[in-house]
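Colleague: Work out the full structure, taking the sequences as your base and the hints as a guide.
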Amino acid sequence: MNHQRQTLAAEKARLLQKIAQQRLDLHTESLCAERLCINVDRTLTTLWRLRRSLSLAAGLAVVYAARHPSRLPGGIKQAVGLWSTLRLARRMFYP
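Numbering (my numbering), first residue to last: 1 to 95.
Please keep in mind that the hints were generated in silico from the structure rather than gathered at the bench.
As the structure is a prediction and not an experimental result, all values here were calculated from the model.
Every residue, glycine too, gets a C-beta built ideally from N, C-alpha and C.
It cannot be assumed that every hint is accurate.
[As the list claims (entries may be wrong)] Label pairs and their calculated CB-CB ranges: (1) Ile-76 / Arg-52: 21 to 31 Å; (2) Lys-12 / Thr-43: 14 to 24 Å; (3) Lys-77 / Leu-50: 22 to 32 Å; (4) Lys-77 / Ala-20: 34 to 44 Å; (5) Leu-82 / Asp-25: 52 to 62 Å; (6) His-27 / Leu-50: 30 to 40 Å; (7) Leu-88 / Leu-56: 24 to 34 Å; (8) Ala-33 / Ser-53: 24 to 34 Å; (9) Thr-85 / Thr-46: 15 to 25 Å; (10) Glu-34 / His-3: 44 to 54 Å; (11) Ala-13 / Asp-41: 39 to 49 Å; (12) Val-80 / Glu-34: 29 to 39 Å.
Modeller: Here's what the structure looks like:
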């Protein structure tokens, strides 16, 4: 009977140690996820603050594109080039 209690106590201790390790792993992973989400949250907050300006700029761009359709392809090429440059810079500085 005493041997069975010791075995159960050892099993309980092993399981409690496993649970403690899982809690530590979960905490570490949650910190990593939080660090990854900080940049996204900051970007979304900035876009939310600038939503009125961005909608106004988009409206002006549409009006300009409607009035000057011949200039549109060059502007699209420049926008794609700028977007690619920004993505490259982001990858270099924030891997």
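Colleague: Decide, hint by hint, whether the structure agrees.
Modeller: Cross-check of the supplied hints:
A hinted range of 21 to 31 Å holds for the C-beta pair Ile-76 and Arg-52, which are about 25 Å apart. Separation of Lys-12 from Thr-43 is about 47 Å and departs from the stated range, judged on CB atoms against 14 to 24 Å. Checked against the given bound of 22 to 32 Å, the beta carbons of Lys-77 and Leu-50, roughly 25 Å apart, stay inside it. In this structure the hint that Lys-77 and Ala-20 lie 34 to 44 Å apart at CB is violated, the actual value being about 58 Å.
Remark: the range hint 52 to 62 Å for Leu-82 to Asp-25 is contradicted by a beta-carbon distance near 42 Å. Between His-27 and Leu-50 the beta carbon distance is about 35 Å. The supplied range of 30 to 40 Å therefore holds. In this structure the hint that Leu-88 and Leu-56 lie 24 to 34 Å apart at CB holds, the actual value being about 29 Å. At about 31 Å, the beta-carbon gap between Ala-33 and Ser-53 stays in the expected band of 24 to 34 Å.
Remark: the range hint 15 to 25 Å for Thr-85 to Thr-46 is upheld by a beta-carbon distance near 19 Å. Take Glu-34 and His-3: their Cβ atoms lie about 47 Å apart, and the range 44 to 54 Å holds. For the pair Ala-13 and Asp-41, the supplied restraint of 39 to 49 Å holds, since their beta-carbon distance comes to about 41 Å. Separated by about 33 Å at the C-beta atoms, Val-80 and Glu-34 satisfy the suggested range of 29 to 39 Å.
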